[in-house]
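**Student:** Listed below, chain by chain, are the residues.
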Amino acid sequence: MSGEGSVEMGVPLTVEGWTILHQMFRVRWPAWKALDDGERKLALDEATGFLAELEAAARGPSAVFAMLGHKADLMLVHFRRSFEELGDTQLRFAQCRLADFLEPTTSYVSIVELGLYQATARIQAALREQGIEPGSSAWQEAVERGVEEEREALMARLYPPIPKRRYLCFYPMDKKRGETRNWYQTSMEDRQRMMRDHGMIGRRYAGKVMQIISGSIGYDDWEWGVDLFSDDALTFKKLIYEMRFDEASAVYALFGPFYLGVRFEAAELASFMSGRSPVSLPGA
Amino acid sequence: MSGEGSVEMGVPLTVEGWTILHQMFRVRWPAWKALDDGERKLALDEATGFLAELEAAARGPSAVFAMLGHKADLMLVHFRRSFEELGDTQLRFAQCRLADFLEPTTSYVSIVELGLYQATARIQAALREQGIEPGSSAWQEAVERGVEEEREALMARLYPPIPKRRYLCFYPMDKKRGETRNWYQTSMEDRQRMMRDHGMIGRRYAGKVMQIISGSIGYDDWEWGVDLFSDDALTFKKLIYEMRFDEASAVYALFGPFYLGVRFEAAELASFMSGRSPVSLPGA
Amino acid sequence: MSGEGSVEMGVPLTVEGWTILHQMFRVRWPAWKALDDGERKLALDEATGFLAELEAAARGPSAVFAMLGHKADLMLVHFRRSFEELGDTQLRFAQCRLADFLEPTTSYVSIVELGLYQATARIQAALREQGIEPGSSAWQEAVERGVEEEREALMARLYPPIPKRRYLCFYPMDKKRGETRNWYQTSMEDRQRMMRDHGMIGRRYAGKVMQIISGSIGYDDWEWGVDLFSDDALTFKKLIYEMRFDEASAVYALFGPFYLGVRFEAAELASFMSGRSPVSLPGA
Amino acid sequence: MSGEGSVEMGVPLTVEGWTILHQMFRVRWPAWKALDDGERKLALDEATGFLAELEAAARGPSAVFAMLGHKADLMLVHFRRSFEELGDTQLRFAQCRLADFLEPTTSYVSIVELGLYQATARIQAALREQGIEPGSSAWQEAVERGVEEEREALMARLYPPIPKRRYLCFYPMDKKRGETRNWYQTSMEDRQRMMRDHGMIGRRYAGKVMQIISGSIGYDDWEWGVDLFSDDALTFKKLIYEMRFDEASAVYALFGPFYLGVRFEAAELASFMSGRSPVSLPGA
Amino acid sequence: MSGEGSVEMGVPLTVEGWTILHQMFRVRWPAWKALDDGERKLALDEATGFLAELEAAARGPSAVFAMLGHKADLMLVHFRRSFEELGDTQLRFAQCRLADFLEPTTSYVSIVELGLYQATARIQAALREQGIEPGSSAWQEAVERGVEEEREALMARLYPPIPKRRYLCFYPMDKKRGETRNWYQTSMEDRQRMMRDHGMIGRRYAGKVMQIISGSIGYDDWEWGVDLFSDDALTFKKLIYEMRFDEASAVYALFGPFYLGVRFEAAELASFMSGRSPVSLPGA
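Chains as they are written, first to last, in this note's numbering: chain G, 1 to 284; chain W, 1 to 284; chain B, 1 to 284; chain V, 1 to 284; chain E, 1 to 284.
Since the hints were made in silico from the structure, they are not lab data. We put the CB at the ideal spot given by N, CA and C, even for glycine. Please note that a few of the clues may not be correct.
According to the in silico footprint, chain G covers these stretches of chain W (three or more CB under 8 Å from chain G) [what the hints assert, rightly or not]:
| id | segment |
| --- | --- |
| 1 | 56-65 |
| 2 | 138-152 |
Simulated crosslink set (DSS-like; lysine-lysine; CA at most 30 Å straight-line) [stated by the list, open to error]:
| id | chain 1 | residue 1 | chain 2 | residue 2 |
| --- | --- | --- | --- | --- |
| 3 | G | K175 | W | K41 |
| 4 | V | K176 | E | K175 |
| 5 | B | K208 | V | K33 |
| 6 | V | K33 | E | K164 |
| 7 | E | K208 | E | K175 |
| 8 | W | K176 | G | K41 |
| 9 | W | K41 | B | K41 |
| 10 | V | K208 | E | K41 |
| 11 | W | K175 | V | K175 |
| 12 | G | K176 | G | K208 |
| 13 | E | K41 | E | K164 |
| 14 | G | K175 | V | K175 |
| 15 | W | K41 | G | K176 |
| 16 | G | K175 | W | K176 |
Simulated restraints, written as ranges between beta carbons of each label pair [as the list claims (entries may be wrong)]:
| id | chain 1 | residue 1 | chain 2 | residue 2 | range |
| --- | --- | --- | --- | --- | --- |
| 17 | E | R81 | G | L154 | 32 to 42 Å |
| 18 | E | A126 | V | G275 | 16 to 26 Å |
| 19 | B | G202 | V | Q118 | 26 to 36 Å |
| 20 | G | G202 | E | D197 | 42 to 52 Å |
| 21 | V | R157 | E | D232 | 48 to 58 Å |
| 22 | B | E189 | E | D197 | 47 to 57 Å |
| 23 | G | P160 | E | R181 | 34 to 44 Å |
| 24 | G | P160 | V | I213 | 57 to 67 Å |
| 25 | V | Q118 | E | M195 | 48 to 58 Å |
| 26 | B | A58 | E | R181 | 32 to 42 Å |
| 27 | G | E129 | E | R81 | 34 to 44 Å |
Let the sequences and hints guide you as you build the complete structure.
**Tutor:** Here it is in structure tokens:
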């Protein structure tokens with residue numbers, strides 16, 4: 001596997017899981033309301049069936065969210081095993097009659113990513129101790145073995161279900177590459193320390209907020225996507241605000257737009273599309 | 001409650017109240033004017049009834065504003081007890097026939113927030129004086145108690161009515177995180193001093209301008225929303241211009257778009273939608 | 001009056017006059033041309049009557065401009081006594097049949113503003129000479145009296161007619177708040193000097209270019225709007241280019257979009273809307 | 001003439017020629033293709049006649065370009081004697097039936113400008129040698145005479161025909177006013193030197209690329225527009241890339257969007273609008 | 001050939017190949033689905049025939065991609081021998097009935113470019129060794145000969161087929177010209193070193209990722225376009241992330257939007273347009 005040879009260059013190892021597509025839509029309410037009851041029912045039955053099946057798919061689930069504000073009314077989040085499967089879902093959903101009444105406003109393409117900051121340091125140190133020469137083929141193989149072990153150990157976090165929490169907060173972000181403050185020019189040690197401090201804050205919110213980080217370099221316009229799931233939307237602000245004071249965020253984070261949604265089950269799509277807030281989620 | 005453990009890290013304590021949704025709309029005048037009188041009346045009766053009820057709701061009121069300029073003709077401001085209630089209002093208003101003639105141009109999602117800069121210092125000092133170790137569980141509990149007391153004392157400011165003033169000025173803002181000037185890298189003491197100076201200017205406008213600050217980290221694209229209410233729109237410029245010279249604003253504030261509106265009662269919606277300026281507000 | 005107490009803080013005194021609304025529209029030519037002659041005539045008679053009356057109103061005049069480029073075909077500029085009057089004009093013009101064929105592309109909301117940089121220094125010095133303590137109530141009252149006197153003396157510049165020149169150049173601007181170059185962190189003395197130098201250039205163009213500055217802090221997305229009026233459009237470039245080299249502009253000015261228009265009388269609206277350049281203005 | 005008094009302030013003298021309007025359009029192909037043959041022919045005959053006349057006008061010519069990419073399908077470039085004439089052309093073209101099938105995507109308003117960097121230095125030196133006091137009325141008059149002489153000598157470059165080359169590259173640009181690198185804060189001597197070096201590169205491309213610089217301060221959103229004409233589109237990249245390394249561009253230039261077009265004669269409009277690439281230009 | 005005289009100025013030599021047009025489209029699904037079967041078939045037969053012929057053209061091929069996310073559903077990439085040929089393809093495709101159901105969302109215009117960083121150094125050194133005076137006509141001629149030899153040797157890389165890999169990653173980029181970090185102000189030696197290091201990373205991915213760099217200075221809004229082709233989309237992230245830590249990217253690269261697509265054969269267009277993921281590519 002490519003990329004692992006660069007341990008000695010300060011490039012952190014990563015392992016990847018689900019590919020992810022976030023799709024944000026604004027409902028074309030006037031046109032939707034102009035449909036007669038029969039057409040609406042047909043469209044809802046079809047879309048509900050389609051989405052309920054996706055929702056239930058263990059090998060790549062989807063979830064539906066009612067969104068706040070003008071940026072979107074509805075968001076679909078898809079976890080899949082490949083970008084082609086995401087493309088297939090995008091293409092098939094577009095064929096649903098309901099999709100004719102949904103205007104795509106934005107989207108996000110990424111892949112679940114775990115940065116092995118601590119493991120990178122550990123593997124590197126172990127190999128050096130064994131006297132293996134950095135960059136040699138023995139080194140390469142050993143690193144690949146190390147990464148593969150990490151990946152095996154992390155399968156549950158690389159291929160998680162979509163957490164069943166009431167609220168979702170999604171936003172993309174970059175690490176700053178300014179003229180004097182440049183994340184990619186800091187040392188591996190500094191980055192490890194900053195990510196560890198950053199992670200410590202997150203750990204204090206464990207249980208309250210579940211976080212899924214996905215990488216989007218090469219796939220979309222920011223470097224990472226962040227999905228936070230919680231039954232208490234206030235914790236999103238508490239967590240992100242607190243993190244804003246740690247060095248990794250304060251100095252080096254650039255944030256894109258923020259999206260706030262309330263999850264509901266596909267089975268309640270008809271309720272949502274007729275203007276009644278869905279109330280299906282456990283915990284509601 | 002999470003977040004409070006970070007007092008020692010320089011993260012100011014906050015308490016929160018109403019969730020807020022600002023909805024800006026441009027009227028689709030040509031389509032609206034093309035309706036026949038009967039249809040217009042039906043749409044207006046429905047929307048007036050809907051908005052008048054929201055306006056009167058003590059446990060989460062709404063207000064209606066006629067806006068200046070092309071960014072919006074009409075703005076709705078909703079104060080609610082939860083983001084789900086905001087979502088419910090958004091969804092239900094979209095079902096009104098009138099909404100078919102309103103194009104959502106932008107919106108803002110936030111939550112009333114009071115930063116306890118002074119209280120943070122006070123609580124912290126008291127605990128230290130009592131010899132309680134920062135970060136210990138005793139410290140945590142004491143801080144949580146302190147915050148809860150503040151929250152109780154501040155209920156009227158966390159859950160205020162929407163001030164009945166003629167004019168509203170709304171804008172979102174960030175604290176700058178530049179390469180050399182970074183709010184989140186200044187010391188807690190400096191931030192306390194700057195916020196106190198900033199607040200002193202506001203206090204000189206007390207009675208003339210009412211201000212509601214809401215936090216939007218995790219909910220929308222800026223960090224805070226600011227709503228200013230006054231019967232004299234000139235005081236908005238005087239106040240904000242004067243503040244622009246204080247350190248907190250001059251050096252560290254980044255401002256988003258500004259919205260200026262004139263409040264009117266939902267009962268006068270039919271007047272507005274037929275091109276006659278509403279004159280309902282006390283003080284007009 | 002609020003704001004005046006801050007003389008000692010380096011906040012320049014200002015006095016205000018007309019509220020201003022710039023409305024830019026693109027003509028929906030295909031739809032307009034598809035109207036039959038009778039409908040066009042009705043729409044033009046109505047709009048011409050409406051705008052001609054606004055144009056003639058001494059207590060708050062309006063003016064009409066044919067614009068260059070895709071940003072707008074038509075611009076209306078309204079001077080009024082209050083923001084509510086501006087809102088009333090906006091709302092009433094939207095009811096005209098002609099407005100159905102005008103797409104609002106942008107707008108600007110502001111208030112005529114004269115910065116009393118020199119007067120601030122003069123008043124301040126006089127009070128100090130009299131031994132009045134800065135910030136005391138005597139100081140406050142004296143400052144308010146001083147400002148009121150200025151305002152009286154400046155009434156003609158605060159409530160001017162819309163200058164009858166052939167060309168209009170409009171643009172919004174900010175003063176920079178960079179990390180090292182920050183207008184709001186320079187001393188009052190430096191700002192006074194820079195604004196005096198800036199004004200000296202303008203004075204050299206007196207008679208050729210008339211300038212109206214309006215403040216928009218709290219009302220729109222930039223801090224100031226600038227309207228330049230001239231019978232020779234070349235002088236706009238000469239003046240602004242020359243100013244770009246003075247310190248106030250070179251270092252501290254940020255410019256928004258520029259709009260160039262040719263004024264015509266409301267009576268010639270039918271000519272414009274049928275594709276014949278209006279030629280009504282004195283000097284044409 | 002105003003502006004010339006500022007020689008001693010470091011403001012370079014300029015002389016101006018044609019006013020210029022660039023109009024970019026996207027073709028509404030679906031609607032155009034839906035027209036019947038007779039309507040298409042009528043629209044094409046009208047537009048071809050209109051544009052062919054403009055194209056042939058020596059006292060203010062126009063030219064037509066087929067554009068690459070989604071930013072525009074068609075571009076019209078108009079050279080005129082005044083901004084009013086440009087406005088007249090814009091207004092009259094909008095009346096053509098063909099214009100109903102062209103969506104204006106962007107535009108640019110400017111005026112041919114020659115910066116007299118070298119002449120400024122020469123005139124200034126001569127006057128000083130003659131012992132004329134800078135800023136005196138004798139100085140003013142002498143400068144104005146000098147500029148007038150330059151203008152006379154430069155008439156062919158101020159009022160050129162639109163070069164008959166196959167390709168056009170158009171882009172707007174600014175000179176940077178950064179916090180430490182600010183064109184408008186460099187000395188006149190440095191600017192003269194940088195512009196001379198910059199010009200030397202251009203001279204190496206003489207014959208291969210023709211360049212027309214227009215000023216847009218006060219007229220549009222950037223400071224200058226650049227039109228490059230060549231029969232070999234590769235030279236655009238070679239020239240601009242090479243210039244990017246000279247100090248004037250490397251450090252001080254900010255570039256707007258770039259537009260690449262292929263010229264064709266108005267007589268071939270029907271060919272273009274029916275999907276056949278026009279082949280009319282000499283050199284094709 | 002112009003440009004080569006500047007070797008001594010630190011401008012790297014380049015050689016160019018195919019002109020390239022990327023066209024991104026969003027499918028207007030509601031309108032497309034509203035067509036009856038016969039019309040859909042006609043439109044698909046025409047477009048499939050048109051694109052299949054382009055796809056097969058050795059002297060300037062095209063390729064079709066299914067895209068992920070809202071930025072585009074479909075992308076066409078055209079390699080041609082001239083910008084006029086690109087314009088011809090753009091114009092002819094717009095005439096297809098299918099194009100009426102494709103909304104152009106963005107595009108990119110560029111030309112295959114190989115930067116001769118190493119060759120520049122080599123040629124320069126050889127000429128100096130021979131005692132040829134830089135800038136002399138002998139130097140010029142020798143440089144032109146050297147470049148011509150390089151071009152001949154590089155024909156296969158200048159005019160490659162479109163690589164038959166399953167995934168495409170496209171993004172535009174600039175080299176930073178900041179106030180302190182400015183690519184165009186670094187020495188030729190530093191640029192050579194940084195580009196060599198940058199290239200070394202790419203080489204480690206040889207076989208896994210194929211890369212085509214195109215220059216767009218003078219043609220589009222960024223300086224370069226990058227197309228990466230691979231059968232494993234994860235390698236895009238690995239490669240670009242690893243490069244982000246090398247000096248050329250970390251300090252000097254600015255990235256535009258990223259596009260991710262899955263290639264399919266024109267023959268499968270009907271499958272795609274009816275919502276069935278195409279499966280045609282070798283390796284799928």
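**Student:** Against each hint, give a clear statement of whether it holds in the structure.
**Tutor:** Hints and how they fare:
1. Using a Cβ-Cβ cut-off of 8 Å, 0 residues of the segment 56-65 of chain W lie near chain G, which falls short of the minimum of three, so the contact claim is violated.
2. Proximity of the segment 138-152 of chain W to chain G, defined as three or more residues with a beta carbon under 8 Å from a beta carbon of that chain, is not established by the 0 residues found.
3. Proposed proximity of K175(G) and K41(W) is contradicted: the alpha carbons are some 54 Å apart, above 30 Å.
4. A C-alpha spacing of about 16 Å is found between K176(V) and K175(E), which places the hinted pair at or below 30 Å, so the restraint holds.
5. Of the supplied pair hints, the one linking K208(B) and K33(V) is violated, its CA atoms being roughly 51 Å apart against a limit of 30 Å.
6. Under the criterion of a C-alpha separation no larger than 30 Å, the hint pairing K33(V) with K164(E) is inconsistent with the structure, at around 35 Å.
7. A hinted pair counts as satisfied when its Cα atoms are at most 30 Å apart, and K208(E) with K175(E) qualifies at roughly 26 Å.
8. A C-alpha spacing of about 50 Å is found between K176(W) and K41(G), which places the hinted pair above 30 Å, so the restraint is violated.
9. Proposed proximity of K41(W) and K41(B) is supported: the alpha carbons are some 29 Å apart, at most 30 Å.
10. Distance check on the hinted pair: K208(V) and K41(E) sit about 49 Å apart at the alpha-carbon level, beyond 30 Å; violated.
11. Taken as a hint, the K175(W) and K175(V) pair is honoured in the structure, with Cα atoms around 29 Å apart against an allowance of 30 Å.
12. A distance of roughly 28 Å separates the Cα atoms of K176(G) and K208(G); the hinted pair therefore holds under the 30 Å criterion.
13. Between K41(E) and K164(E) the CA atoms are separated by roughly 27 Å; this keeps the pair inside 30 Å, and the hint holds.
14. With a C-alpha separation of about 29 Å, the suggested pair K175(G) and K175(V) falls inside the 30 Å cut-off, and the hint holds.
15. About 54 Å separates the Cα atoms of K41(W) and K176(G), which puts this hinted pair outside 30 Å; it is violated.
16. For the hint pairing K175(G) with K176(W), the CA-to-CA distance comes to about 16 Å; that is within 30 Å, so the pair holds.
17. In this structure the supplied range 32 to 42 Å is violated for R81(E) paired with L154(G), their Cβ-Cβ distance being about 50 Å.
18. Here the CB-CB span from A126(E) to G275(V) is close to 51 Å, at odds with the stated 16 to 26 Å.
19. Against the hinted window of 26 to 36 Å, the Cβ-Cβ separation of G202(B) and Q118(V) comes to about 29 Å, which satisfies the hint.
20. Checked against the given bound of 42 to 52 Å, the beta carbons of G202(G) and D197(E), roughly 34 Å apart, lie outside it.
21. In this structure the supplied range 48 to 58 Å holds for R157(V) paired with D232(E), their Cβ-Cβ distance being about 57 Å.
22. Separation of E189(B) from D197(E) is about 51 Å and conforms to the stated range, judged on CB atoms against 47 to 57 Å.
23. Separation of P160(G) from R181(E) is about 40 Å and conforms to the stated range, judged on CB atoms against 34 to 44 Å.
24. Restraint check, P160(G) to I213(V): a C-beta distance of roughly 59 Å satisfies the suggested window 57 to 67 Å.
25. Separated by about 37 Å at the C-beta atoms, Q118(V) and M195(E) break the suggested range of 48 to 58 Å.
26. As the Cβ distance of A58(B) to R181(E) is approximately 58 Å, the hint placing it in 32 to 42 Å is violated.
27. As the Cβ distance of E129(G) to R81(E) is approximately 58 Å, the hint placing it in 34 to 44 Å is violated.
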